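Residue numbers (my numbering), protein chains in the order written: chain E, 324 to 570; chain G, 4 to 477.
Take these hints with a grain of salt, some might be off.
Claimed, not checked - In silico lysine-lysine, DSS-like type, Cα no more than 30 Å apart, as pairs:
1) 469/G <-> 425/G
2) 18/G <-> 506/E
3) 32/G <-> 18/G
4) 506/E <-> 200/G
Hints listed in this document are in silico derivations from the structure and should not be mistaken for laboratory results. In this text the structure is predicted, and so the values were computed from the model without any measurement.
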Amino acid sequence: MKIDLFVTCLNDALFPKTGQATVALLERLGHEVRFNAAQTCCGQMHLNTGYRADALGLVRKFVRDFRDAEVIVLPSGSCAAMLRELAPDAAHWEGDETLRSEVQALSGRIFELSEFLVRKLGVEDVGAAYPHRVTYHPTCHAMRSLRVGDAPLRLLRHVRGLTLLELPHADECCGFGGTFSVKNPDVSTAMLADKARHILETGAEACTAGDNSCLMHIGGGLHRLRSGARTVHLAEILASTPERVWA
Amino acid sequence: MSGLHPEQSFPQAAKAEVNNPQLRANLRKVTTTIREKRLKAVGELPHWEELRVLGAATKDEALANLSDRLLELESSVRARGGHVHWARDAAEARELVAQIARGHGVTELIKVKSITSDEIELNAALDAHGIHAIETDLAELIVQLSRDTPSHILVPAIHRNRAEIQALFNRELGDPEHLSDEPAVLAGAARRYLRQKFLTTRMAVSGANFAVADTGTVCVVESEGNGRMCLTLPEVLVSVMGIEKVLATWEDVSVFMELLPRSSTAERMNPYTSFWSGVTPGDGPQEFHLILLDNGRTDVLADEVGRQTLRCIRCSACLNVCPVYERAGGHAYGSVYPGPIGAVLTPQLLHMQDKNANTLPGASSLCGACFDACPVRIDIPQVLIYLRGEVNAGKGTTLESVAMGAMRYAMSEGWRFEGAVKLARTGQGPLVHDGQITALPGLLGGWTQSRDLNPFPPQSFREWWKKREPGGES
Ligand code: SF4
């Protein structure tokens with residue numbers, strides 16, 4: 324399959340390894356990965372912070388860049404949720420019905436990585452090996468907007484050597500919420516403290532998820548606590564093999 | 004806090020509350036318990052999702068025909084001997100209640116727990132007229148006796164523990180014996196106090212959970228039975244009702260009798276559900292007034308996105324699942340409507356004009372737990388995002404809007420974004436210590452309050468891809 328990678332701005336700039344791992348993984352599964360270098364951002368941060376016109380400018384650009392894609396895969400649940408669930412609404416609020424239908428027309432081709440593997444490709448064993456104790460945090464957008472369900476867990480259960488530890492109160496938000504964490508630092512910090520405590524309770528070496536934004540926040544907290552536990556994007560675990568460790 | 008108007012911005016108010024470990028422990032305990040109970044109660048109904056859809060549709064239908072429904076309600080209530088009044092805002096509603104009380108020469112009245120009456124700050128207004136309003140719901144009574152304000156829709160005293168209540172009752176209820184902290188002893192003291200009030204007070208004020216337009220029936224749903232005493236014993240009953248509470252028929256009510264108890268108290272059936280239609284000679288209050296309160300609601304209704312907020316049946320499920328409410332507590336929202344529903348309802352009722360209330364749409368991580376829990380499927384995260392846009396639209400140019408605009412510009416072309424990332428990589432130099440950023444400047448300072456940040460890596464994804472393309476290195 325020809326897969327267009329929408330790497331997302333955050334991964335592009337701050338977590339290139341996640342993008343590289345996604346490419347390695349999809350190619351290992353026999354697919355052709357394309358990267359349109361014109362791409363930038365889905366507009367989620369702008370929309371969620373209340374800058375609708377800016378956000379829609381970016382959605383328009385996304386539609387332009389990916390109009391001809393067969394499938395678009397994102398190593399990010401929240402950006403996928405933005406494009407599939409929120410962008411059409413926001414276009415409607417601004418009275419841009421053309422954009423609304425354009426982005427809606429694309430939405431059936433937009434996939435978060437784990438749902439793409441499990442639901443679209445029907446693969447659960449991607450041939451990964453990662454001999455570590457790992458716990459999984461289901462990020463809110465993947466869980467509640469995209470309803471990826473147990474797709475990430477199915478993938479993780481097939482990773483050789485990986486011990487999957489159940490995260491207590493897994494479905495509680497980690498407190499990131501984009502600019503929420505900057506504008507409401509006290510509440511966000513309180514939420515992060517609980518999430519970090521639950522992660523550490525599992526005794527995991529690493530916490531994984533499908534979104535580097537949440538992981539950046541959780542990982543930043545774990546690092547500040549000097550806890551030794553770290554965060555790893557799901558793509559990097561799934562790309563890892565005995566020959567090449569990504570995470 | 005009073006009525007709808009928060010005295011502080013949410014981040015300011017939350018700061019004090021979040022750092023109160025006792026409050027956080029209380030809230031965590033109560034919300035986790037009720038969360039699990041709700042999931043169980045809801046899981047028992049195989050058709051829960053269909054019920055939610057039906058609940059939403061029923062409310063939407065009533066709202067779409069609101070003026071007709073209200074006029075129908077008015078004539079049905081009148082036909083059954085009740086009086087109907089229309090109140091544009093809080094002041095008009097308060098004045099109406101005071102007038103009725105004065106007309107009957109009462110100086111004391113009893114109240115059924117009602118958030119709408121809190122919204123219009125009724126008790127304080129009546130006090131100014133020399134009329135004392137006594138709350139009869141146990142938790143509301145606790146809040147009233149301690150000169151506090153409610154912090155939860157359903158459990159107004161959720162932030163108080165048993166020892167505090169013991170001290171309060173010993174002080175305020177003037178009981179001859181010293182009360183122990185046994186729940187039964189405390190409840191008994193409240194019961195003795197309230198009984199005497201029920202039997203001697205001539206006027207009562209209630210809210211309404213629902214009203215049925217075609218029969219003129221008003222409904223109150225409660226779990227202690229105090230409400231029923233107020234609704235049946237006094238001579239005069241005044242109900243203050245938000246105009247969004249009207250439904251077309253009895254059948255519509257039945258949908259909510261399934262949705263409401265399971266969502267709010269995780270019960271299969273509600274203990275005390277009272278219905279009354281106008282007045283019945285020789286039975287119950289002989290004078291009945293219904294006050295239909297707008298107070299900003301028609302403007303909410305006029306907004307295509309915001310209007311779903313008016314579906315709310317005040318079950319409080321969204322509060323109990325909200326991670327922000329759990330940490331900050333109800334008082335941080337500064338309004339009688341706390342939690343996720345408050346974050347969308349309060350600023351809208353104030354026409355997006357209140358500086359502090361306008362920080363409420365920001366009081367959410369957009370995790371979506373509230374939408375999943377809401378029995379009438381109010382897409383609270385969607386409304387929050389929409390309202391954030393409305394707030395910004397009223398602000399003009401700010402430091403934040405300039406920063407957002409600059410970012411948008413950088414992201415308008417792939418090559419521009421690449422350049423911006425390179426620039427940031429060079430610029431971050433002074434901030435990086437031992438491979439981490441531990442303190443960010445300006446608007447971003449909140450981030451490093453509790454988190455470290457990985458700096459920009461030496462190569463972005465697109466730079467890597469560019470080098471890879473011809474040969475395909477990976
Ligand atoms: S918004 Fe929904 S969940 Fe929240 S109180 Fe209203 S009806 Fe209940």
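Hints, verified against the model:
no.: 1; hint: 469/G <-> 425/G; verdict: holds, 15 Å
no.: 2; hint: 18/G <-> 506/E; verdict: holds, 12 Å
no.: 3; hint: 32/G <-> 18/G; verdict: holds, 20 Å
no.: 4; hint: 506/E <-> 200/G; verdict: violated, 47 Å
Hint compliance for this structure: hint 4 is the single one not met.
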